[in-house]
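Peer 1: Here are the chains, one letter per residue:
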Amino acid sequence: MSSGSGYLQIHDVVKDFGSGSIAVNHVGLDIAKGEIFALLGPSGCGKTTLLRMLAGFETPTSGRIVLDGQDLAGLPPYLRPINMMFQSYALFPHLSVWDNIAFGLRRDGLPRAQVAERVEAMLKLVQLGKFGKRKPHQLSGGQQQRVALARSLAKRPQLLLLDEPLGALDKKLREETQVELVNIIHEVGVTCVMVTHDQDEAMTMASRIAVMSEGHILQVGTPGEIYETPASRFVADFIGNVNLMDGKVVVDEPDSVEVECAACRHHVGHGITGTLGMPVTVAVRPEKIRLSVSRPDGSTNVVQGTVRDKSYFGRFTLYHLVLPGGQVLTVSETNVERHREDAPEAGQAAWATWSPTSQVVLTQ
Amino acid sequence: MSRPLVASLFERLRSFPVHRHGRAAVIGIPYAWLLVFFLLPFLIILKISVSEMETVRFKDLLELKDGLVTLTINVGHYVSIFQDDLYVRTYVASLKYAAVTTAWCLFIGYPFAYFMARAKAAHQPALLMLVMLPFWTSFLLRVYAWKGLLMEGGWVARILVALGVDHLLVKADLVPALGKFMNTPFSLVIGMVYTYLPFMVLPLYATLVKMDLRLLEAAADLGATPWVGFWKITVPLSKAGIIAGSMLVFIPCIGEFVIPELLGGPRTLMIGRVLWDEFFSNNDWPMASSVAAVVILLIIVPLTIFNRYQAEATEARR
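Which chain is which? The protein sequence lines are H and P, in order.
With the first sequence counted from 1, adding 78 to any position gets you the numbering used here.
With the second sequence counted from 1, adding 734 to any position gets you the numbering used here.
If we strip away everything but chain P, and leave its shape as in the complex, we get (with noise of 0.2 Å):
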């Protein structure tokens, strides 16, 4: 996906002369894979996208009538995307709760992922298997767990109205009445955050167990108190780990559908469920392809960010 990447890929190939196709045959499964199961789908959605409807089928791209070769290229769906309100404040909406999302992922899993590096080396497997145990369970149930826990009398709910934490929310705007806390952004955020802060906790943790404590030691010695030594010395050091971590919190909550429709309401319409009505409710494949190619470019250009950033560091440590 990112050229840095696969140039290196293939320098390195060309490098070992001896084991080059026992190498390239290794390398070239997950690529094929990624060929069959990921580019040619793509390309259909593309293709898909930019056609036009023919009361049950598509046109096809390229026409032969009367000796002309004609090409046509529908991008009114694209067009119609920017255009059509519905569709901009979905986006938006979908960024802003994926970002929202990452955020506190971060801000739970970092202390969590900090203190499990510096726990006893003896302590660290379990609490590791701690962090992974809730995969042993089927998501889909642990999501739906949460609407148990929320809904009125559920005891999450309770609690959080004996703290008046509801007077808050309502506040805020997040909950729509005090005690109310089902099917609506605080609930779908609790999901997302729920679901995916073991991904922020793993490559943070990685980052920050490999870290060479005497840094801090020498930090300490030229003056820095342990507050200040953290955010000079350990932040910027777990910069990969945080940037790994938000990568894969962000770019799957963009195109989430399973929490929203189950922890959402209407005020949460996130563009998994737009592109899901488009497909399965409007029969619309020219119009739902556009609006996942859309989805799809919004989650590479972070990737790409990500992966620039990843080729600079390999190179840095060189």
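For reference, chain H alone in the conformation it holds in the complex (with noise of 0.2 Å):
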């Protein structure tokens, strides 16, 4: 998986706490200058251990990790050049905010002036000038998240480390924070490695992410790689919602695949690496379904069912559609109108369609 050229490399690492299940199997990753790189996955699913084994605080059981060309084994955390924003920000309590800041520079025994002057830089990076004096719990949840990435970036480490940075925050406030976050980021132009369990944190904030699931990395690749081309049922299923539909392959073209499922006949315009007969998954997202009360030309990619519920979301609408064998089809719809005309209510039949480039045959 690891071609061995970027500025993180995690080569074949492997973490076996010994308690049956291994934490983390067999990962490989290259990790490029000034990236953005997430870790997604659900709880359990190793992406923490592996981040605390890039900041020193787990010892990998075998495998190397190498930042900037110098092997990281057997380097204690303190002497790492990785700083770590932790989730909840372990702020230290009984320090102010200036004094938490100051904290790794000191360490440094970096002169007096400099580590004022270095504080103060961060303060107006985050903006958070007024409030050196101040202690921790004098703040609120946002603004404590903001010294905690400040005093992760007073040391300009190589390598910055974000353990679901915004886990503690509200709705509202943690979609503010995602752009603010990335654009500090981006100005200081540190490499970052960010742990979520979020996608849409990992889908808004990351240039890359890697899916993680029982240790393994089941697909590395930018939000729109992971999102529209997913390689596994797992990973259609965990970004975003999805129809699955379960198959059979019945025409296979080079160019271009029909499936015949259940409910309907599939018709594909991609090729795929399968043969005639072999049993497929075809995944469709629910804003690539179009609804409509009456039946659309073709006779591929299009299903008849009836709306079981209907939801209105102002943005959007989402629909339930029972289709004929008892699956249940999630539709969204963008309001993109006012009001539509045909719009299916609640309990009449409908018809959904979608074009031949929006599905993706999955394998695995």
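A portion of the hints provided could be inaccurate.
[Unchecked claim] Here are the simulated lysine to any residue pairs, SDA-like style, with alpha carbons at most 20 Å apart:
id	chain 1	residue 1	chain 2	residue 2
1	H	Lys213	P	Val969
2	H	Lys213	P	Glu1046
3	P	Lys944	H	Gln165
4	H	Lys213	P	Ala1045
5	H	Lys213	P	Gln1044
6	H	Lys213	P	Lys830
7	H	Lys213	P	Leu949
8	P	Lys973	H	Ser174
9	H	Lys211	P	Pro970
10	P	Lys944	H	Ser166
11	P	Lys973	H	Pro214
12	P	Lys854	H	Ser97
13	P	Lys944	H	Pro214
14	P	Lys854	H	His215
15	H	Lys111	H	Val266
16	P	Lys944	H	Leu173
17	P	Lys973	H	His215
18	H	Lys213	P	Tyr1043
19	P	Lys944	P	Arg1001
20	H	Lys213	P	Arg1001
21	H	Lys213	P	Pro970
22	H	Lys388	H	Val371
23	H	Lys213	P	Ala974
24	P	Lys973	H	Asp177
25	P	Lys830	P	Arg1001
26	P	Lys854	H	Phe135
27	H	Lys211	P	Glu1046
28	H	Lys388	H	Arg416
I should point out that these hints are in silico values taken from the structure, not numbers from a laboratory.
Put the two chains together into one complex; each comes in its own frame, and the hints tell you how they fit.
Peer 2: Here it is in structure tokens:
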């Protein structure tokens, strides 16, 4: 998996806590300089263990971690040129904001004037200039998050680690902070590895994402690649909402395939590496499906069902369509117009259709 | 006892109108207890301390004679306390022994509490039990046992001699002669440290066990070695425990009577002994009461500092 040319190289790392399951199982990654890289996965998938191995809090059972050509093996956390922003921040409660940010600089024995200069610059960077004298408990959650960021950036680390960086914030603040955080990281230009279980957070912040499950990396790619061309059922299902339909390949052309499923016949506009009759899963995202009351043209990529429920979200309307086989299809229609004339109502029969370029055929 | 504490209690009472009476009763009982068994006796002592003796009984402070009400307050005893070298020296000695005991308890108790708090969670109840185990035997018996251990031929004494510790102690003028440990400042401090150590360990353990260990990871991440992390993070965050433990040791040590009686000697006169002598040997109750009142003042000063710190700490936590 790892080609060995990245700024941060993770070579075949294994962490076995000896409790039966292996936390991190033969993981290899190459992360480029200046990249924001997200480790995404459900809790217990090993992403935090991997991050803690980068920070030096855990030692890999086997494998190597190399940062900028330097093998980190045997280097304790306090000697690594890596700083971490902890989940729920771990700010020192007995120290002021100023002293929290200065903590790492003082450990390096920087002269007093230089410490002051750097702390002031950090406070300015996170827009907390007036809050230096406050204690962490006198700040709001969002402000604490910015202090934690300033503290982890103050030493100008070669690698910044973010552990669930926005997990402790409420939803609205989280959305605002995502962008702000990315801007600050880009401004500083630091290479960053973040851990999150929140796919929105990974999608909006990261340049590349590694999806992890049970200690393995399932797929690495840009947010677009992960979302539009998931490599497996797990990735398709974990990232965003998806309709999965099991079927069999019935027509296999070089640039298109047809898949026969219980409810409908799919015409997919891309070739697959597979054979005729092979069992596959077709994935269609809810926003790529159109609903109409009248039957659309064509015989493929069309299915009729009954609208079980309809939820209006303002920006879009979510439908659940029950297909003849009993399967439920989720459809999300963007509300482009204010009042659509032919929008189906709950209890009504409706046709769902999608274009040949909107599905993905999953073979695993 | 402390104004902020009382004030905040009443504030809380006011903010819970529904349960006001029930709460007042619950809080009122300990206050009533303190009033009857601490404040009233203290006021009586205070009154006796400014009274004059009239052969076998005290004169009343207020007297009605020839149509005149006369209030007689005799501060002579207080004056003599500060003029008589014996009292001043004994107070200083009491404070000194209390301080030395507190320092040793902290020095021994901190690592003790630290490793207890960092031990496996499954082992902690057992370790806690071991700290409290001595309380199952009478304190008097345990102090008495030290006599046997420290006297000539006692096995602790033999070990100390074998290790050559007595040479050091003689040099430091803590024991009069080689091999003689009993009835010296050394045996007194051993007895007091031994007795009061659990009172230091328990509050320290309570604060250390609550500490968020991620803070130490954060410190390490920012370049602090474990040693620096201990001094910059662990110790400041256990300040409340250090102060609570020190108060629990220091305050009772000032007035300690039994341990100096059993393990101390002629050189370790402490204020508890002087108090006893004034009450029961000299039968000079006004003098004894004055001595007692000054002891209480000596104790209240550190207690007030402690309470103020506590109030600040709770304020900070809000």
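Peer 1: For each hint, tell me whether it holds in the structure or not.
Peer 2: Verification of the hints:
1. At roughly 18 Å between alpha-carbon atoms, lysine 213 of chain H and valine 969 of chain P fall within 20 Å of each other, so this suggested pair holds.
2. Note on lysine 213 of chain H and glutamate 1046 of chain P: the hinted pairing holds, with a Cα-Cα distance of about 14 Å set against a maximum of 20 Å.
3. For a cut-off of 20 Å, the pair hint linking lysine 944 of chain P to glutamine 165 of chain H stands: about 18 Å separates their Cα positions.
4. Proximity of lysine 213 of chain H to alanine 1045 of chain P is assessed by CA-CA distance (about 17 Å); at most 20 Å being required, the pair is judged to hold.
5. Of the pairs offered as hints, the one joining lysine 213 of chain H and glutamine 1044 of chain P holds, with about 17 Å between alpha carbons and a cut-off of 20 Å not exceeded.
6. With a C-alpha separation of about 37 Å, the suggested pairing of lysine 213 of chain H with lysine 830 of chain P is violated against the 20 Å cut-off.
7. Using a Cα cut-off of 20 Å, the hinted pair lysine 213 of chain H and leucine 949 of chain P holds, with the two alpha carbons roughly 15 Å apart.
8. This hinted pair checks out: lysine 973 of chain P and serine 174 of chain H have alpha carbons roughly 16 Å apart, not beyond 20 Å.
9. Taking the CA atoms of lysine 211 of chain H and proline 970 of chain P, the gap is about 18 Å. The hint holds against a cut of 20 Å.
10. Between lysine 944 of chain P and serine 166 of chain H the alpha-carbon distance is near 17 Å, which keeps this suggested pair within the 20 Å criterion.
11. Annotation: proposed proximity of lysine 973 of chain P to proline 214 of chain H holds, straight-line Cα distance about 18 Å (limit 20 Å).
12. With a C-alpha separation of about 17 Å, the suggested pairing of lysine 854 of chain P with serine 97 of chain H holds against the 20 Å cut-off.
13. For the proposed pair lysine 944 of chain P and proline 214 of chain H, the alpha carbon gap of about 18 Å is at most 20 Å, so the pair holds.
14. A distance of roughly 30 Å separates the Cα atoms of lysine 854 of chain P and histidine 215 of chain H; the hinted pair therefore is violated under the 20 Å criterion.
15. Taking the CA atoms of lysine 111 of chain H and valine 266 of chain H, the gap is about 12 Å. The hint holds against a cut of 20 Å.
16. Distance hint between lysine 944 of chain P and leucine 173 of chain H is fulfilled; the C-alpha atoms sit about 18 Å from each other, no more than 20 Å.
17. Proposed proximity of lysine 973 of chain P and histidine 215 of chain H is supported: the alpha carbons are some 18 Å apart, at most 20 Å.
18. Between lysine 213 of chain H and tyrosine 1043 of chain P, the direct Cα distance comes to roughly 17 Å. Compliance with the 20 Å bound is thereby established for this hinted pair.
19. Distance hint between lysine 944 of chain P and arginine 1001 of chain P is unfulfilled; the C-alpha atoms sit about 43 Å from each other, more than 20 Å.
20. Taking the CA atoms of lysine 213 of chain H and arginine 1001 of chain P, the gap is near 50 Å; set against the 20 Å cutoff, the hint is violated.
21. Annotation: proposed proximity of lysine 213 of chain H to proline 970 of chain P holds, straight-line Cα distance about 14 Å (limit 20 Å).
22. For a cut-off of 20 Å, the pair hint linking lysine 388 of chain H to valine 371 of chain H stands: about 14 Å separates their Cα positions.
23. Between the alpha carbons of lysine 213 of chain H and alanine 974 of chain P the distance comes to roughly 17 Å, so the proposed pair stays at or under 20 Å and holds.
24. For the given pair, lysine 973 of chain P sits about 18 Å from aspartate 177 of chain H by alpha-carbon distance, which is consistent with the 20 Å threshold.
25. Between lysine 830 of chain P and arginine 1001 of chain P, the direct Cα distance comes to roughly 13 Å. Compliance with the 20 Å bound is thereby established for this hinted pair.
26. With a C-alpha separation of about 18 Å, the suggested pairing of lysine 854 of chain P with phenylalanine 135 of chain H holds against the 20 Å cut-off.
27. A distance of roughly 17 Å separates the Cα atoms of lysine 211 of chain H and glutamate 1046 of chain P; the hinted pair therefore holds under the 20 Å criterion.
28. A distance of roughly 16 Å separates the Cα atoms of lysine 388 of chain H and arginine 416 of chain H; the hinted pair therefore holds under the 20 Å criterion.
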